[in-house]
Amino acid sequence: MIDLIRKQRYLIDFTLSSLLRRKGKNLGLLLVYTLIVFMLASIMLFTHALRQEAGMVLQSAPEIILQRMVAGRHALVPADYLEKMGSLRGVTDKKGRLWGYFYDPTVKANYTMMVDEARGLTAMEVVIGAGIARAKGIGIGDYISFRAYDGDAFSFQVKEIINPVTELVSSDLVLMSERAYRATFGVPDGYFTDIVLKVRNPREVRKIAEKLSMRLPDTRPILREEILRTYDSIFSWRQGIVFVLLAGAILAFVIFAWDKASGLSAEEKREIGILKAVGWETADVLRMKFWEGAVISLSAFILGYLSAYAHVFYGSATLFEPVLKGWAVLYPEFQLTPFIDGLQVATLFFFTVFPYIVATIIPIWKASITDPDAVMR
Amino acid sequence: MLIELTDIKKAFNQGKPNEFWAIRGVSLRIEQHKVTCLKGSSGSGKTTLLSMIGCLSRPTSGRITLGERRLSGLPERFLTDIRRHTFGFIFQKFNLIQGMSVLENVMLPAYPLGLNYTRLTKDAYRLLDHFNLTSKAENPVEWLSGGEAQRVAICRALINDPEMLIADEPTANLDTRLSEEFMGLIDELRRSGKTVLITSHDPVVFDSPVVDRVIEMCDGLLVER
Ligand SMILES: Nc1ncnc2c1ncn2[C@@H]1O[C@H](COP(=O)(O)OP(=O)(O)O)[C@@H](O)[C@H]1O
Ligand SMILES: [Mg+2]
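As you go down the protein sequences, you meet chains A and B in turn.
Here the first sequence is numbered in the working numbering, starting from 1178 and rising by one per residue.
Here the second sequence is numbered in the working numbering, starting from 714 and rising by one per residue.
Worth flagging that the hints you see were computed from the coordinates, not collected in a lab.
Being a predicted model, the structure only gives us computed values, none of them experimental.
Mixed in with the good hints there might be a few duds.
[Stated by the list, open to error] In silico DSS-like pairs for lysine-lysine, Cα to Cα no more than 25 Å straight-line: (1) 1200(A) to 722(B); (2) 1184(A) to 729(B); (3) 849(B) to 1543(A); (4) 806(B) to 849(B); (5) 1446(A) to 806(B).
[To be verified] Negatives, chain A to chain B, calculated, CB over 10 Å: (6) 1179; (7) 1182; (8) 1183; (9) 1187; (10) 1198; (11) 1269; (12) 1283; (13) 1366; (14) 1403; (15) 1443; (16) 1455; (17) 1456; (18) 1484; (19) 1486; (20) 1534; (21) 1553.
Ideal Cβ positions, reconstructed from N, Cα and C, are used throughout, including at glycine.
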C-alpha cells in the first residue's frame, strides 16, 4: 500500500519535471485550454446568475396582470373594471397601473416610464435609473425633460437615482407622479395601462385567472409564473446562441488537443520506449501520462473557472454584455450575486477535461503498447 | 541464471509483402557470470536477438527459458517484471532522457517500484560515486560528454541491481581510449558477479581479454566454428 502511494508520487514527480522540460509547449496548451474554460464558465455563470436575478426581481411582482385587449391588441383599461370584476376570493389587493415607454432620441434609448404613487412625488419630480443618469450625465437636483404626446416639453427635477444594487431591471426606469404621467402621454383620467392583482395562495392563481376571463371577456390575464418561464426561455435562447458559437471553439480545441497528442513527437515516442525498456510497464507509462493530462487540464479548469468567476461577479461580465443583454441600450452596470451550481460545474468539467484526457491518452496508449525494442535502433 | 534459446526465429512484417526474417533459427546457451559477445556485421540480426533475450520483444517462434522459467507465452506484465529485475540495458545511443538531471535518469528504472526515496537516492549516489559522476548528479544530461553519458547509462542499468547486463554496440559512439575504459568497467562488473551480454562489431570489444566467449552471427544465423 505504502509502495503504491510512493509509486504514484514518483510518477507525479516525473510528470512535473516532464512538464517543466517542455515549458513552452505546455504553457501554450495551458493558455488555450484555460481560455476555453474561461469562456464557457463565464457564459454559464453569467446566464445562470442573470436568471436567478430576474427570478428574484419577479418574486416581488404581482401574481396576475390583467390587460384589456381591443382587436387583439393591448389597450387601456377603464378604471371601472376594478369594480366590474367583483370580489374574488383569494385576491388580497388589486389596483390599476400606469406605465409605458419613452424614446429619447438624444441618447437613442428607450426609457420605461412608470407611475409610483408610493414615493410621494410631486408633479414636477421624477426618480430615474442609474443608466439614464449616466447616459445623460445628470444627477440629483438636475432637470430632465420629456417631449409630451402633444409636442410640449415637460421638465422634471430628479429627486432620486435608483439604488444601483437593483440596476439590472431599473437601469432605464423613470418613476413619476400620476399627473405627470397623464400629462406626458395623454392617457385620460379613468384609464390605466393594466390592472395588477395580488394573490396570496399560488394554487388559486389559475382559478382566479379563469374567473377574470369570464367576467371580463375582453381582458387577458398574464400570470407571473408564465413571465418567469418566458424569461427563462429568453435567457436559454441567448445562452444557446453563444453555445453554438462556442461549440465551434470547443471543436477546434479538441482537434488541437488531438493533433497535439497524436502528433506525439518522435522524441516523446522515444521517451516512452526508453521508459518501457528500462522497466516501466505500459500501465506506468499510461499513469504518468494520465497525471500529465490531469495536471494540465485541472489547472486549466481551475484557472479558467476562477477567472470566469471574477469576470462575471466582479468584472460585471464585461466581455459578454453586448451579446447576452443585447436588447437594452442603456447597459446596466451591476454586480450579480455570486452563485455556483454544482451540476453546472460538473457539466463544464465533463465537457472540457474529459475530451482532453481521452484525446491525449489514446495515441499515448497506442505508442506505449508497441514493443520497446524500437529504442535499440 | 542460465539463459537458453531453442530454435528462435523472428520475422518482421509477417504476412505482408515486405516480410523479413531477421533471425532464422538460433539455438544458444548463455552462461552465468561470464561476458558473452555477439559479433557480426551490421544487419546480421544482433540487436534483434538481443532484444528478444532482454524481453523487449518476442520471438515469432522458438523457445527462450530463463533459469526454470519459459518466457514465451508470458503476458506483458510478467515480461516487464522479469526485465526490470533481471536485465539492465545499455543502449548504443545511451538513450538518456533529455532535460532531466543525471540523478533522475539513473533513478528512473526504480520509479515504478515505489521504493523509499532516501534509500533510492542513496543507492543512486553510491553508483554515481563509483563511476566518478557525483559532481554531475544535478546536471542535465545534455551537458555530459560521450564517456560520461555512457557511464550514466551504466549506472541506470545497475540501479535495480540486475543479474544480467545487456549492452547493444556500447562502444559505437566512443573513441578507442573510452572503449577500452568501458571494457575495464565490464571486467569489474563481471568480477562482481554479473552476467554480461554485449553485441559489437568493434574489435576493441570482441578481441578484449575481458570477453569470455564470442558468438558470431551472419544473416540471422549463428556462424558455427
Ligand atoms: N522493425 C523492423 N522492421 C523490419 N525490418 C527490421 C526491423 N528491425 C530490424 N529489421 C531488419 O532486421 C535485420 C537485422 O537487424 P538488426 O538486428 O538491427 O541487425 P544488427 O543489430 O546486427 O545490425 C536488418 O536487416 C534490419 O533491416
Ligand atoms: Mg544493431
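Okay, the hints, checked on the actual structure:
1. 1200(A) to 722(B): Given pair residue 1200(A), residue 722(B) is violated - Cα atoms ~45 Å apart, limit 25 Å.
2. 1184(A) to 729(B): With a Cα-Cα distance of about 41 Å, the restraint between residue 1184(A) and residue 729(B) is violated, given a limit of 25 Å.
3. 849(B) to 1543(A): violated, 35 Å
4. 806(B) to 849(B): Cα-Cα ~19 Å, so holds.
5. 1446(A) to 806(B): holds, 15 Å
6. 1179: violated, 8 Å
7. 1182: violated, 8 Å
8. 1183: violated, 4 Å
9. 1187: violated, 4 Å
10. 1198: The claim is violated: residue 1198(A) sits with its nearest Cβ about 4 Å from chain B, within 10 Å.
11. 1269: About 72 Å separates residue 1269(A) from the closest Cβ of chain B, which puts it past 10 Å; holds.
12. 1283: With a cut-off of 10 Å, residue 1283(A) remains clear of chain B, as the shortest Cβ separation is near 65 Å.
13. 1366: Check passes; 86 Å lies beyond 10 Å.
14. 1403: The claim stands: residue 1403(A) keeps its Cβ more than 10 Å from every Cβ of chain B (closest is about 63 Å).
15. 1443: holds, 12 Å
16. 1455: Label violated. Min Cβ-Cβ 4 Å, cutoff 10 Å.
17. 1456: The claim is violated: residue 1456(A) sits with its nearest Cβ about 3 Å from chain B, within 10 Å.
18. 1484: It holds; residue 1484(A) is separated from chain B by about 30 Å at its closest Cβ, greater than 10 Å.
19. 1486: With a cut-off of 10 Å, residue 1486(A) remains clear of chain B, as the shortest Cβ separation is near 35 Å.
20. 1534: holds, 21 Å
21. 1553: At roughly 5 Å from the nearest Cβ of chain B, residue 1553(A) sits no farther out than 10 Å, so the non-interface label is violated.
Violation of the numbered hints given earlier is confined to hints 1, 2, 3, 6, 7, 8, 9, 10, 16, 17 and 21; the remaining hints are satisfied by the structure.
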